[in-house]
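All chains should be modelled from the sequences, with the hints used to inform the complete structure.
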Amino acid sequence: MPVTLRMAFRNLREHKAKSLIIGILLALGMLIMVLGNSFLDASKRGIETSFTQNYTGDVIITGVADGPVSLFGVQSVGGMEQTPIIPDYEKVFAHVSGLRGVESMAGMASGYGIATNEAGEIAEDEDEDDEERMEGMMAALMMLFGVDAPGYWELFDTIELVDGEFIQPGRPGLMMADDRVAKLAEYLKRDIRVGDEILIQGMGDAGIRLRSVPLVGTFKSVTDGAGPEQLTYIDIDTLRALSGMTIGASENIELGEAETSLLALDDLDALFGDDDAFGVEAAPGSGAALTEAGIEGLLGDTSSRERLNAADTGAWHSILLRLDDPARARAVAAELNAWFAAEGIQAQAGDWQKAAGPYAQSVDVLRIVFTVAIVILAVVAIIIIMNTLVVSIIERTGEIGTMRALGGGKGFVRRLFAAETVALSLFFGLVGMVLSFLAAAVINAVGFEASNEFLRILFGGSVLRAVIDPLALLWSLAVIVAVGLVASVYPVSVALRIQPVRAMQS
Amino acid sequence: MGIVELENVRKIYPLGKVQVEAVKGVSFCIEKGDFISIAGPSGSGKTTILNMVGLVDQPTEGEVFLDGKPTSKLNDAELTRLRHETLGFIFQSFNLIPVLNVWENIEFPLLLGKTRVGKDEKKEWIDHLIEEVGLSEWRKHKPNELSGGQRQRVAIARALVTRPQIVLADEPTANLDSATGEQILELMKKINRELETTFIFSTHDARIVDIADHIIRLRDGLVTENRRRGEEAPAACQGESARA
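The listed protein sequences derive, respectively, from chains U and S. Residue numbers for the first sequence follow our numbering, beginning at 6 and rising by one. Residue numbers for the second sequence follow our numbering, beginning at 205 and rising by one.
Cross-link-like lysine-lysine pairs, in silico, DSS-like; alpha carbons within 30 Å at most:
(1) 327(S) - 236(S)
(2) 273(S) - 228(S)
(3) 346(S) - 415(U)
(4) 346(S) - 21(U)
(5) 344(S) - 394(S)
(6) 415(U) - 323(S)
(7) 415(U) - 344(S)
(8) 318(S) - 236(S)
(9) 415(U) - 273(S)
Output of the computed footprint for chain U on chain S, the stretches with three or more beta carbons under 8 Å from beta carbons of chain U:
(10) 250-258
(11) 283-293
(12) 303-315
For each label pair, taking beta carbons as the anchor points, the in silico distance ranges come out as:
(13) 344(S) - 22(U): 24 to 34 Å
(14) 428(S) - 389(U): 47 to 57 Å
(15) 335(U) - 281(S): 48 to 58 Å
If you are wondering where the hints come from, they were derived from the structure by calculation, not from laboratory data. For glycine and all other residues, C-beta sits at the position ideal for the given N, C-alpha and C.
Given below as structure tokens:
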């Protein structure tokens with residue numbers, strides 16, 4: 006064994022107090038990093054499984070907006086941007102269905118709504134506490150998934166009917182998780198069974214729209230983690246109507262010359278001049294002058310309004326794909342994006358993280374927070390280790406001076422302290438590793454259960470599982486050794502400044 | 205020229221805002237194989253001179269020649285190499301490496317330089333030195349398990365292990381009782397005779413002065429006496445005029 010290593014090991018044993026202070030810090034650092042990374046990895050895997058199985062599939066295609074588009078709309082400042090529809094839907098759908106490796110696919114659109122009573126008001130129950138009222142309100146507040154039945158049910162098979170049937174193509178219908186139906190019934194103060202109509206108030210860019218939809222089925226999730234219980238499935242046409250995805254919303258209105266000239270007026274006073282106060286001609290195409298009979302004729306005919314308010318059957322927010330090999334998701338998305346660019350189609354494809362939008366980012370945010378915490382911990386550890394090493398070096402001034410006097414170069418001193426630091430870091434890193442395995446075993450044995458939906462998403466299941474990744478272990482060990490080496494930089498520079506003459510003075 | 209020569213060496217230390225001149229222009233020459241004592245009271249500059257001869261300190265002015273070569277222009281790495289190849293050190297406080305045992309402490313200087321000695325040759329030489337200093341039974345013991353005299357014996361063996369031309373000993377008997385001190389001196393004298401190693405002591409121990417071949421006395425940073433035993437004239441190296 007090289008003399009530097011031999012001396013390093015013996016020095017560490019000789020200076021037990023110093024070694025223990027530094028070692029405990031390093032072992033704790035290792036423990037926190039390994040366990041933290043294990044939870045984050047489990048969480049990420051859990052969220053990925055949960056989302057790909059229940060909501061997103063492997064690849065999503067959406068329209069293009071200023072902000073990132075996900076299943077849940079557009080992430081934009083103020084959150085007011087309208088979710089774009091996929092242009093040339095038929096062409097895109099046909100192209101995607103011919104792609105190699107696509108197992109199944111379906112179109113969908115999403116929106117928000119709230120279940121309400123006919124009068125629009127919910128009677129307050131004085132016996133009900135705030136928590137129950139809040140639960141009822143949450144059941145009434147609906148994340149609506151307008152689905153392309155039956156393709157959608159082939160894509161996502163993680164729900165099981167409890168009562169009724171799945172939403173059928175071309176028929177209005179609503180599906181909710183059975184426990185949410187019970188909460189909603191409590192909130193609306195009426196009994197709700199399969200076949201009953203539920204009044205839903207759509208909340209979209211086109212203003213408030215009301216539609217009465219029959220509850221066709223209730224379901225429960227068959228997955229362990231966060232399932233689709235929070236979603237309300239609805240037939241696509243009703244969703245379009247509630248969200249303002251109508252023909253009127255997508256049609257361009259052609260203005261005639263008279264309207265264009267009115268809009269082009271610079272002097273607004275001219276509009277209200279004396280000459281033509283009642284001289285406005287009937288708009289071209291209206292077919293009626295502004296007489297009482299003409300106005301009645303205009304308002305009495307609602308066919309245009311009905312046509313414009315009809316759902317736009319070509320309007321879809323997303324196409325979701327399930328691949329034979331989910332690992333190819335990014336490659337398939339890239340291939341699709343290249344095709345969109347070549348065809349000039351304003352659409353984009355992405356993996357499940359794009360589809361999950363802000364929900365997928367929660368793990369990234371957690372990881373950032375965790376990394377920042379680790380960096381802070383590392384800085385504190387570095388400072389403490391540095392101080393301890395400096396004190397140790399000052400105590401060993403005579404010894405270092407002697408080595409230098411006897412012919413030890415600066416390189417020798419540097420190697421000696423590097424060996425001590427690396428030996429210490431590796432040893433206590435391994436201790437931390439063993440502690441991590443023990444802690445993981447205890448956590449898995451105890452089995453901490455997720456008490457709410459958010460934790461179920463975060464845990465990647467109903468119980469917290471610590472699965473230690475060997476790569477994360479190596480990475481953490483490398484970080485621990487790096488922390489040790491960084492902490493030794495200044496103390497070693499202090500040691501290198503010790504002159505051989507100090508041997509004579511000791 | 206001798207193995208060590210000092211030429212008008214001055215050493216000034218800053219002490220707070222004051223400059224202290226510890227050595228005030230000293231010149232002398234030491235022959236190879238000498239057993240030389242640099243004596244003087246505390247503060248006379250003897251340790252400072254020993255440090256400069258040992259290349260662990262640099263003169264403010266003047267030059268230190270080692271085996272005829274000037275040393276003032278050498279960089280840290282060159283000084284380290286020269287120390288390792290030419291000099292051996294015996295310290296007043298022994299300065300053994302606490303985590304190494306007797307055998308390893310003696311071996312230590314051999315592991316520092318770039319020249320590697322064969323394993324068998326090294327073992328044989330270290331065993332011989334351990335036997336010479338009378339520590340055969342203690343080879344596996346750590347310094348804290350040894351007496352002061354035993355530690356100094358280890359230090360002597362360590363100083364000799366690289367077969368240096370010069371051994372510098374700073375008050376080697378100061379921390380030893382008189383009986384042990386005498387044994388140590390006898391040992392060093394014996395090695396001096398057998399290996400022709402030059403021994404340079406800084407001391408105010410009268411016993412060392414009594415057995416030294418060459419005495420240099422200092423007072424207030426100046427040489428007051430520089431003579432060989434039994435000679436009245438100032439000592440000089442062969443081919444050199446006497447300096448005082």
